[in-house]
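**Student:** One letter stands for each residue in the lines below.
2 protein chains.
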Amino acid sequence: MSVYIHSVGMTKFGNSENNSLKDLMLAACREALDQANGLKIDAVYVGNFMGGSLANQEILGAIVANDLGLGYIPTAKLEGACASGGIAFRQGVLGILSGEYENVLVVGAEKMKHASTAEVTQVINSAMDQTTNEKYAGLTFPGFFGVTANRYFYETGASKAHLAMIALKNRENALNNPLAQFQKPTTIEEILNARIITDPLGLFDCSPITDGAAAVVLSSKPSDIKILASAQASGPTMMQDATDLLSLSAIRLSGRQAYEKAGIGPQDIDVVEIHDCFSMTEMIAIEELGFFPKLEGWLAIEQGKTRVNGEKPVNTSGGLLSRGHPIGATGIAQIYQLVHQLRGNAPNQLEKLPRLALAQNLGGTGAYSVVHILERV
Amino acid sequence: MSVYIHSVGMTKFGNSENNSLKDLMLAACREALDQANGLKIDAVYVGNFMGGSLANQEILGAIVANDLGLGYIPTAKLEGACASGGIAFRQGVLGILSGEYENVLVVGAEKMKHASTAEVTQVINSAMDQTTNEKYAGLTFPGFFGVTANRYFYETGASKAHLAMIALKNRENALNNPLAQFQKPTTIEEILNARIITDPLGLFDCSPITDGAAAVVLSSKPSDIKILASAQASGPTMMQDATDLLSLSAIRLSGRQAYEKAGIGPQDIDVVEIHDCFSMTEMIAIEELGFFPKLEGWLAIEQGKTRVNGEKPVNTSGGLLSRGHPIGATGIAQIYQLVHQLRGNAPNQLEKLPRLALAQNLGGTGAYSVVHILERV
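Which chain is which? The protein sequence lines are A and B, in order. In terms of my numbering, the first sequence opens at residue 7 and continues consecutively. In terms of my numbering, the second sequence opens at residue 7 and continues consecutively.
No wet-lab data here; the hints were simulated from the structure. All C-beta atoms in this analysis are idealised placements derived from N, C-alpha and C, irrespective of residue type, glycine included. There could be a bad hint or two in this list.
To be verified - Below 25 Å or equal to it, Euclidean Cα-Cα: the simulated BS3-like pairs (lysine-lysine) are:
no., chain 1, residue 1, chain 2, residue 2
1, A, K227, B, K267
2, B, K119, A, K141
3, B, K267, A, K46
4, A, K267, B, K267
5, B, K166, A, K119
What the hints assert, rightly or not - If you anchor each label on the Cβ, the simulated ranges turn out as follows:
no., chain 1, residue 1, chain 2, residue 2, range
6, A, K358, B, T127, 55 to 65 Å
7, B, K267, A, N43, 49 to 59 Å
8, A, Q189, B, I202, 52 to 62 Å
9, A, Q246, B, S226, 34 to 44 Å
10, A, G269, B, N43, 48 to 58 Å
11, A, E108, B, L359, 47 to 57 Å
12, B, N351, A, D247, 30 to 40 Å
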């Protein structure tokens, strides 16, 4: 049996001060359902990370089923830090493969902008093991990826300029994406001179705080987009357990499993959305997914290979850095962009219509990685 | 394909001030894994409700996989309010039915006692829709079930004494369960005279705040306990949307679906664990699950039919009321008790070894209900 994508929906990402978490969820779901050709939904999976902590709102699955009049169907929320959306998507796939459901609605959503940066940072840190010395020593996510960036510079010829090239590419892509959070043009100079968050990462190297939601309707009934592979891996929850600071093993493992299931290799992928929570994370991911050799990602960046219509276009949506990163929504927003690319109507649509697309969604400091490969059939 | 239960584990429920949420999870998992005959775990599902809000700890799935050395396998946390455990269990079942996993570890856990009652109440209210007038009017969970109790009294000949009989039965059962939170004997008089929480519900009619965890190993490989049916339904998220105050339609629907899948009826069930978050909830559930006719549950209670070795033994563990209710752990703790009943070594072991057991786990004010039927094979 195979699982297919029928339709997608997505809100504008950014600051939605007049919309509740529920409003955002329902808007994305309605758009997806309107285009689902009347498929009767059998279950709802929600990807969400901080609804409980920041909005005091759980039971999101039941709320979606009730408010959209889907009937009293099974629903659940999935949490896996920033990979919550990708994990919810995968549960939808497994739910259909189990034979229990024919049609599943998956929605990812987050509302964050109403909280202070300190509050958001506190909640995001719940994606680290709170009982470890790393937490007590004050490690944060920018801290983690700042260390990996410095190590990467030490091991290679790369510099802060290469991270800036990633940030600039994604910002330029976002300029053409009306749903992206950031639409203001920038320059390499502005990026390089921006205030430092954690050395060497500056403001533009870090994904923003974002409100938003994205939804997708999956079915066992064939459509034009088939899910060729779903794979998930976990990784070390602590930096001290990583055998190589420049490897996010969960990305590598989930990628390898996805390629095996799909019977293809990284060279076959036409368009990619990866989890650039930091510019440095995109650098690691393009290597771990096998698009470029280990420690040579920076050369590919320099040569423009990951730009729209480059050899391996990465984050044509603008990525987390510029489309925005409403935690639970991100994994589904990646699918949203890839579905549009495969259908030929995406922002930054590739000149040659892609056939194979890959989405990679990361959680924690590599504690979770989910990879999905989509095929236009 | 069928799914089987190989082993279970559970911590003492109560006040675990010296154990973190992680400690509790790992202890329950270790017990289950030690008895799983070396099955290699392919995925971990965690049921948890308030780890983010009360312990600032998410990524529980990755923590379990890492700390128990299970390898870098897929993991996720499931949330569905007080049904989080049952929903996680069901995802484990679907994961195996999908063909993606052979052996799955499911753990439910919650740490609540370190927080104030006000904090816990605030977080529990996130299991209501925060955007509705009911929330702004101040509806709480004891309020909801207090109203249903008064209505039940109005419609039937039942009184507060019948609720007290439920509370007393579950307390007496807990006295024989060394893992139960409450081990102090009580009397009908003490229960009836206890301070009122929400009229007519007194202290003994309400489940307590509890720390604890429970775990189970599922497999496609046959064992002595087969999962005959897994069913889940949602229900109204708001009291104002209920067509009948004395019906929790999600319980009725999930029960009916489970019986259909199992090809049996309520009369065939030998032993039951249901979600007695309040004594009144047990009253409604024994009717909605078809064990007794609508509005006649109180007569069955009066006649002792739900007692150990009665016609339909309910909550031989002590139930949520006296075993305790660590939210995310409850659905798995029900399975723990039923597995022991089916194997003949439970607290309050039935005289006649049961063959069919039913677990019912509720979330919100009926927003979620999950029913599993287990068979000794």
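**Student:** Going back to the hint list, which numbers does this structure go against?
**Tutor:** 4, 5, 7, 10 and 11
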